[in-house]
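Trainee: Mind docking chain Z on chain W? Use the hints.
Protein chains: 2
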Amino acid sequence: MSLIVKKFGGSSVANKERIFNVAQIIVDDYRKGNDVITVVSAQGDTTDDLIEKAKEINDGNISKREMDVLLTAGEQISAALLAMAIEKLGCPVISLLGWQAGFNTDSNHGIARIKNINTERIKTEVSKKNIVIVAGFQGINKYEDITTLGRGGSDTSAVAIAAAMHANRCQIYTDVDGVYTADPRKVKGAKKMKEITYDEMLELATLGAQVLNNRSVEMAKKYNVELEVLSSLERIEGTIVRETTKMEKMLIRGVTCDKDVATISVIGLKDLPGVAFKLFNKLAQYKINVDMILQSVGRDGTKDITFTVSRGNADTAIESIESLKSVFQYSKITKDATVSKLSIVGAGMESHPGVAAKMFEALYDADVNIKMIDTSEIKISVLIDENLSEKATQAVHDAFMA
Amino acid sequence: MSLIVKKFGGSSVANKERIFNVAQIIVDDYRKGNDVITVVSAQGDTTDDLIEKAKEINDGNISKREMDVLLTAGEQISAALLAMAIEKLGCPVISLLGWQAGFNTDSNHGIARIKNINTERIKTEVSKKNIVIVAGFQGINKYEDITTLGRGGSDTSAVAIAAAMHANRCQIYTDVDGVYTADPRKVKGAKKMKEITYDEMLELATLGAQVLNNRSVEMAKKYNVELEVLSSLERIEGTIVRETTKMEKMLIRGVTCDKDVATISVIGLKDLPGVAFKLFNKLAQYKINVDMILQSVGRDGTKDITFTVSRGNADTAIESIESLKSVFQYSKITKDATVSKLSIVGAGMESHPGVAAKMFEALYDADVNIKMIDTSEIKISVLIDENLSEKATQAVHDAFMA
Chain W
172 MSLIVKKFGG SSVANKERIF NVAQIIVDDY RKGNDVITVV SAQGDTTDDL IEKAKEINDG
232 NISKREMDVL LTAGEQISAA LLAMAIEKLG CPVISLLGWQ AGFNTDSNHG IARIKNINTE
292 RIKTEVSKKN IVIVAGFQGI NKYEDITTLG RGGSDTSAVA IAAAMHANRC QIYTDVDGVY
352 TADPRKVKGA KKMKEITYDE MLELATLGAQ VLNNRSVEMA KKYNVELEVL SSLERIEGTI
412 VRETTKMEKM LIRGVTCDKD VATISVIGLK DLPGVAFKLF NKLAQYKINV DMILQSVGRD
472 GTKDITFTVS RGNADTAIES IESLKSVFQY SKITKDATVS KLSIVGAGME SHPGVAAKMF
532 EALYDADVNI KMIDTSEIKI SVLIDENLSE KATQAVHDAF MA
Chain Z
172 MSLIVKKFGG SSVANKERIF NVAQIIVDDY RKGNDVITVV SAQGDTTDDL IEKAKEINDG
232 NISKREMDVL LTAGEQISAA LLAMAIEKLG CPVISLLGWQ AGFNTDSNHG IARIKNINTE
292 RIKTEVSKKN IVIVAGFQGI NKYEDITTLG RGGSDTSAVA IAAAMHANRC QIYTDVDGVY
352 TADPRKVKGA KKMKEITYDE MLELATLGAQ VLNNRSVEMA KKYNVELEVL SSLERIEGTI
412 VRETTKMEKM LIRGVTCDKD VATISVIGLK DLPGVAFKLF NKLAQYKINV DMILQSVGRD
472 GTKDITFTVS RGNADTAIES IESLKSVFQY SKITKDATVS KLSIVGAGME SHPGVAAKMF
532 EALYDADVNI KMIDTSEIKI SVLIDENLSE KATQAVHDAF MA
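Chains as they are written, first to last, in the numbering used here: chain W, 172 to 573; chain Z, 172 to 573.
Zero decoy hints are in this set.
Since the list can't tell identical chains apart, any single copy or any two copies may satisfy a pair.
Dumping the calculated DMTMM-like pairs for lysine to aspartate or glutamate here, alpha-carbon to alpha-carbon at most 20 Å:
id, residue 1, residue 2
1, Lys259, Asp230
2, Lys453, Glu490
3, Lys259, Glu223
4, Lys187, Glu227
5, Lys187, Asp220
6, Lys224, Glu188
7, Lys299, Glu315
8, Lys430, Asp538
9, Lys187, Glu223
10, Lys430, Asp486
11, Lys313, Glu291
Since the hints were made in silico from the structure, they are not lab data.
Next comes chain W alone, as it looks inside the complex (with noise of 0.2 Å):
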């Protein structure tokens, strides 16, 4: 018998037959005897549109507090209906909100972070053998004021629960089935791997693979949850995340590419002590990150500053840097959105020299130019032309998988 923490996220109780889809996977894992935990989240588009109710009545800048108030409704009524929809296929069942299922927060409103989790209501109902649904996402602060985890705050709220109830398994249920080494859609030869490393999974989750949320990656890895991504409408193996020393660390893990990049560049920026700390304190000022960061020496003693940003801060980006123009001279700001982020990803590159070599042979053997190049211990990033994406994608998957 295993204690099984299970989260799925809105579009996997978007309706009636998904919602049973989701209850008879409970009800199954809970006949065989196991304890089961739920995490659901809000259902389809209502948090999106309880944000756009919230807007109709102040644009400006609403109350986080009432923000909260007002989005984890959207839980409430998920994990309510869920309930029903068990007890429906007539399994004993109970739904918690956030702050009865113990979940005490700090009181950042919106990005609120889990404090601990106090676990006597969901033990006390585990011990009843009650399948226990936990509205996802959101806690309480210490004056008992509703919280919210923020984005993909569900899946945190599962790792957590997972975390303080000693879980043997974590399972996220997505609309994929696994972590592949490759978007499949898009890349020929993409494999589903069984397993992947904390670290893996936080880089591929960064770079886009848009399958876990990070922080809960994050939390896994801290209280070594393991964790098993896997599709909420097919009955099939998922991915494991989790550390390991036994499994051999593969070369590479992932290919993964990004197009929601575009470059930034200071050209002819006069080579004055700290300029480059103001240029990009004053981007962090606006809340802008900054990914990808190149300074190569210009003419007549200036030097040029590129770096990446999303595409939506590009705009917003220059024009920080253009109210900087009286503290320091430029000659001009160029942006370009034509750009994508590719990467490989794995653990084992850490003891493999030659995985760059290898990777920049199989873009130049793909008249794939490299723009920027970026490295981590288990990751290396290239910036190239968007247009190439999917050619250089599978080049270089071509290379490390085949």
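Mentor: Relative to the frame of chain W, chain Z by itself:
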């Protein structure tokens, strides 16, 4: 400076414009220096929509506990939106759900009774000069499970807070601007009353005046909470409901006519001991409310029993009696759903004989035949032909009010 408790129903917050209308009413009273606590219902049809969703999942016996989790999301949404609107108008505000506002109830999900209100949190917020918005209709039981107070529960929430906080007044905003001596859409000369007693209000509510929920009036009477019924759309004085010895007791307060009435007649019932008891006991088992009862001696040592029920219960009532055919004999059962119940209410009639005679005379003059009569200390009801409802109501109203 006063402490005012206000309550707005679902239609008063059905859309953005209505929400801002309500927010403005609250803000105006707050800016006059009052402390304002506002109880709000779910928006428009939200509750019915949620019930529909639940029935899609399980059209049989849905867990009442989970139904309460589901439905309370409705007030959660409207409370947050109203708070956002008040914020937009520039006043400090905080929304509280039932459990946050300290509503402790028993465990009868769907029809819970308030046991007490822990006012600590509300008092703290009021002392901080926050406008407090409370999600109506909801509370928690001793297990920290969410409960609901049943139909009209938000009225009860408002009166309970007003009682617990010793508010100066509890204002119930509706889509009518007060309590009238008769339905102003149907009776010429119907006048809005400035004041009415709790008992009169109770009789009028029971008789179909549809203004205030009975439980809330009973609670207001018990804790001596001064109520005001007023319009959320027009800024005019409404009707005050309170106990007063000063005001001269009006002979007649109001005339109402309820068409949701059917008579059931059991004819030729064998006159055995306990036969009436068994009959009405059976109806009680089916949860059928019986209103007026007439028993008459028939021919041949048998008797006839005629009683009234709501039209929706008439067929069930007949079936439940027919299931007892083997226990006691009767010759036939008949149903008449073409009747209505005309009533006059007034605390003054206790000490004024001749009120009934005056009513009957008015009906006689209008050629309206009386089928049954029922009286209480402050009420006289007669059963008449449904087609004569308007004419009879006008005649009685003219007799007493002209």
